[in-house]
Amino acid sequence: MKLDKVLKLAGIIVGVAIITVLAIWPVIPNVKWIPFTNLIKQGLDLKGGVYVVLEAVDTPDIPVTADSMKQAMAIIENRVNAFGVAEPIVQLQGSRRIIVELAGVSDPDEAVRNLIKTAYLEFKTSDGKTVLTGRQLKTAQEGKNPQTGQPEVNLEFEPDGAKIFAEVTAANVGKPIMILLDGQVVQAPTVREAIPNGKAQISPYESLEAAHNVAILLRSGALPVKLEVMEKRTVGPTLGADSLNKSIVAGLAGCIAILIFMIGYYRVPGLVANLALVIYTLVVLMIYAALHVTMTLPGVAGFLLSMAMAVDTNIIIFERLKEELWSGKTLRSAIDAGFKRAFVAVLDSHVTTLIAGMILYYFGTGPIKGFGITLSIGVLASLFTAVAMTRWILQLVAGTNLIHNLKLFGK
Amino acid sequence: MSLRESMPFHFIKLRKIWYTISVLIILPGIISLFLQGLNLGIDFSGGSLLDLKFNQPTSIEQVRSVLDEFGLEGSSIQRSNETDYLVRTRELTEDENTNVVKELSDKLGGVTVQRSERVGPVMGKELIYKAFQALAVASVLIVIYVAWRFELKQGLAAIIAMLHDALVVLGVFSIFQIEVGSDFVAAVLTIIGFSLMDTIVIFDRVRENSLNKKKGEALEDIINRSMWQTMTRSINTVLAVLFVLVALLLLGGTTMRSLVLALLIGTLSGAYSSICNASPLWFDFKRMETKGKPKTAKA
Chain A
1 MKLDKVLKLA
11 GIIVGVAIIT
21 VLAIWPVIPN
31 VKWIPFTNLI
41 KQGLDLKGGV
51 YVVLEAVDTP
61 DIPVTADSMK
71 QAMAIIENRV
81 NAFGVAEPIV
91 QLQGSRRIIV
101 ELAGVSDPDE
111 AVRNLIKTAY
121 LEFKTSDGKT
131 VLTGRQLKTA
141 QEGKNPQTGQ
151 PEVNLEFEPD
161 GAKIFAEVTA
171 ANVGKPIMIL
181 LDGQVVQAPT
191 VREAIPNGKA
201 QISPYESLEA
211 AHNVAILLRS
221 GALPVKLEVM
231 EKRTVGPTLG
241 ADSLNKSIVA
251 GLAGCIAILI
261 FMIGYYRVPG
271 LVANLALVIY
281 TLVVLMIYAA
291 LHVTMTLPGV
301 AGFLLSMAMA
311 VDTNIIIFER
321 LKEELWSGKT
331 LRSAIDAGFK
341 RAFVAVLDSH
351 VTTLIAGMIL
361 YYFGTGPIKG
371 FGITLSIGVL
381 ASLFTAVAMT
391 RWILQLVAGT
401 NLIHNLKLFG
411 K
Chain U
1 MSLRESMPFH
11 FIKLRKIWYT
21 ISVLIILPGI
31 ISLFLQGLNL
41 GIDFSGGSLL
51 DLKFNQPTSI
61 EQVRSVLDEF
71 GLEGSSIQRS
81 NETDYLVRTR
91 ELTEDENTNV
101 VKELSDKLGG
111 VTVQRSERVG
121 PVMGKELIYK
131 AFQALAVASV
141 LIVIYVAWRF
151 ELKQGLAAII
161 AMLHDALVVL
171 GVFSIFQIEV
181 GSDFVAAVLT
191 IIGFSLMDTI
201 VIFDRVRENS
211 LNKKKGEALE
221 DIINRSMWQT
231 MTRSINTVLA
241 VLFVLVALLL
251 LGGTTMRSLV
261 LALLIGTLSG
271 AYSSICNASP
281 LWFDFKRMET
291 KGKPKTAKA
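Protein chains in written order, with the numbering used here: chain A, 1 to 411; chain U, 1 to 299.
Bear in mind the hints are in silico, worked out from the structure with no lab data behind them. Careful: at least some of the hints might be erroneous.
[Said to hold, decoys possible] Example chain U residues on the side facing chain A (calculated, C-beta under 8 Å, incomplete):
no. : residue
1   : Val113
2   : Glu117
3   : Val201
4   : Asn236
5   : Gly253
From the three backbone atoms N, C-alpha and C, an ideal C-beta is built for every residue, glycine too.
All chains should be built: construct the whole structure from the sequences, respecting the hints.
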């Protein structure tokens with residue numbers, strides 16, 4: 001028995017144990033990155049939220065231009081920010097598509113409806129002439145009518161708008177003025193007297209929240225183009241949490257089955273492989289955390305499959321090791337020869353799977369991309385841990401001279 | 001005595017049997033693909049999906065009667081349990097969607113939308129196009145890699161084994177009309193990757209054994225020996241993958257089920273094809289080359 005190697009081995013095990021705890025346990029409170037698995041983002045299918053692809057379509061009156069798309073993007077961003085969710089994503093895809101991802105909104109369908117509303121505000125006189133539009137609006141704020149207590153939206157016009165508003169109201173005393181939103185008459189109050197201060201109210205609304213939504217839309221401005229929903233996926237928070245729990249349970253069960261199988265079948269090397277697998281899992285989780293990979297349900301499957309691949313790599317190596325032992329080599333030279341010969345097969349098989357993973361990442365969208373990236377990262381990590389870690393630890397175990405019975409290595 | 005020494009049967013000599021088994025498994029699937037095709041989910045065909053949880057036990061008839069009000073008679077209504085339903089309809093606009101949910105909630109005592117998806121027909125077409133593009137690019141790159149590392153004929157044999165697995169999975173999903181979505185594409189590509197991995201481990205062993213072959217050993221015997229030598233690995237690896245997949249199938253959420261099912265079938269098929277198709281096919285290709293006359297190779 002060689003003490004230094006035993007100590008080294010013990011050091012590795014303790015080190016792995018510490019990192020494992022850091023990975024899953026909030027040992028130090030108030031440190032945001034501990035456990036570091038917190039840094040891995042959860043996809044919408046695990047957290048709940050909405051993913052929507054909007055496309056601008058030409059209408060006879062308004063064609064889509066690069067300029068109007070820019071404006072539309074800015075308006076959508078304004079509206080998204082008003083939802084107040086963490087880390088919303090708004091991105092332009094191609095020249096006409098806008099992808100929006102919102103996590104943790106309570107009513108995703110309502111959110112989508114508010115995104116695509118044109119929110120074109122008009123004031124028309126009784127003879128149908130448009131006198132003011134949302135463009136002259138300075139701000140819009142929800143509030144409660146001080147007299148009646150009913151929710152309403154308070155409008156305030158820019159100076160030029162206020163001037164027009166004053167003139168129009170003065171000219172229309174006793175007549176109605178129509179307030180239209182997206183071509184529909186919301187209200188048609190009768191003008192009692194001229195309004196010089198550029199302020200107006202729209203009411204009544206069912207709730208303060210409804211008034212709030214309209215105010216947001218009016219503040220963010222009217223969309224310059226017509227947007228249509230091409231694709232929409234919403235997941236409620238309960239279903240997301242349920243999926244997350246189930247995949248964690250399923251993942252753990254699968255992993256434990258693999259760990260038991262490896263020890264049962266391969267004995268000492270199996271034990272080493274299990275240590276290597278734990279290291280593999282930690283390495284992969286760290287890469288996910290470092291790259292801020294978004295974990296989706298297919299991503300979980302990709303991760304578990306890459307784990308099975310890491311197991312396969314170990315199996316290839318151990319089968320080789322057995323053969324070398326059978327051919328009468330000593331343990332140490334058998335380990336060296338086994339690795340050397342297994343490496344070619346391991347490399348080729350990993351490269352081909354990597355090709356499939358990268359192509360999924362490149363061509364896929366949303367969750368499929370997630371699957372491609374977790375699979376690819378997993379394949380690379382598997383190559384590293386199985387070849388570097390398993391070999392090193394196996395040599396270390398052999399070097400301790402603790403185990404003399406080669407049967408425990410599979411001979 | 002271990003399998004690698006006993007070698008209970010000769011893989012290459014029995015290859016006609018393996019080809020026949022493959023054909024027997026694939027043929028019904030292909031016929032089904034032609035006759036009824038795949039049950040394309042809304043990801044491909046476009047449409048809307050609602051995953052609903054009612055507050056009280058609800059019957060299919062109740063759900064259907066509400067949908068009928070909106071002219072959605074052709075919708076598919078799938079009941080998971082007393083309160084959970086999956087409803088698939090033609091593509092609904094946001095307003096239609098809101099009205100349907102409101103009506104369901106009002107008439108049937110409250111409902112929560114757990115998941116709602118809407119896919120326009122354009123997106124579905126793009127997905128199909130991208131799926132085929134991905135498959136084609138992956139196949140070409142893999143053939144190039146295998147041809148570079150091994151030889152072209154092995155690359156071709158590996159791709160045929162790969163297509164075999166894709167067809168088996170497509171066939172099973174067509175026969176049982178299991179719905180396929182975008183994750184199915186991911187499943188098929190992963191299956192291909194796995195099948196290839198198995199094939200390559202065996203090819204690698206053949207390559208090595210050919211370099212130090214025994215005197216007078218024929219190619220078919222080298223291949224056979226290589227296959228038996230890698231047999232334990234092939235079995236153990238499939239077992240490891242199966243552990244994970246069965247756990248996901250039994251304990252994972254319903255949203256992942258068709259992905260996992262496809263992977264499960266594909267893994268089994270991949271293990272079979274890499275042993276029973278890829279190397280025997282390569283052997284037949286080699287024979288054509290050396291004898292210079294075409295031989296019939298089924299599969």
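Quick rundown of the hints versus the structure:
Taking 8 Å as the C-beta cut-off, the interface hint given for Val113/U holds, the closest approach to chain A being about 6 Å. At a threshold of 8 Å, the smallest CB-CB gap from Glu117/U to chain A is about 5 Å, leaving the interface hint in force. Evaluation of the Val201/U hint against chain A yields a held restraint, the C-beta minimum of about 5 Å falling below 8 Å. With 8 Å as the threshold, the beta carbon of Asn236/U comes within range of chain A, its nearest partner Cβ sitting at about 5 Å, so the hint holds.
Hint status for Gly253/U relative to chain A: holds, with the closest Cβ pair at about 4 Å, below 8 Å.
In the structure shown, no violation is registered for any of the earlier numbered hints.
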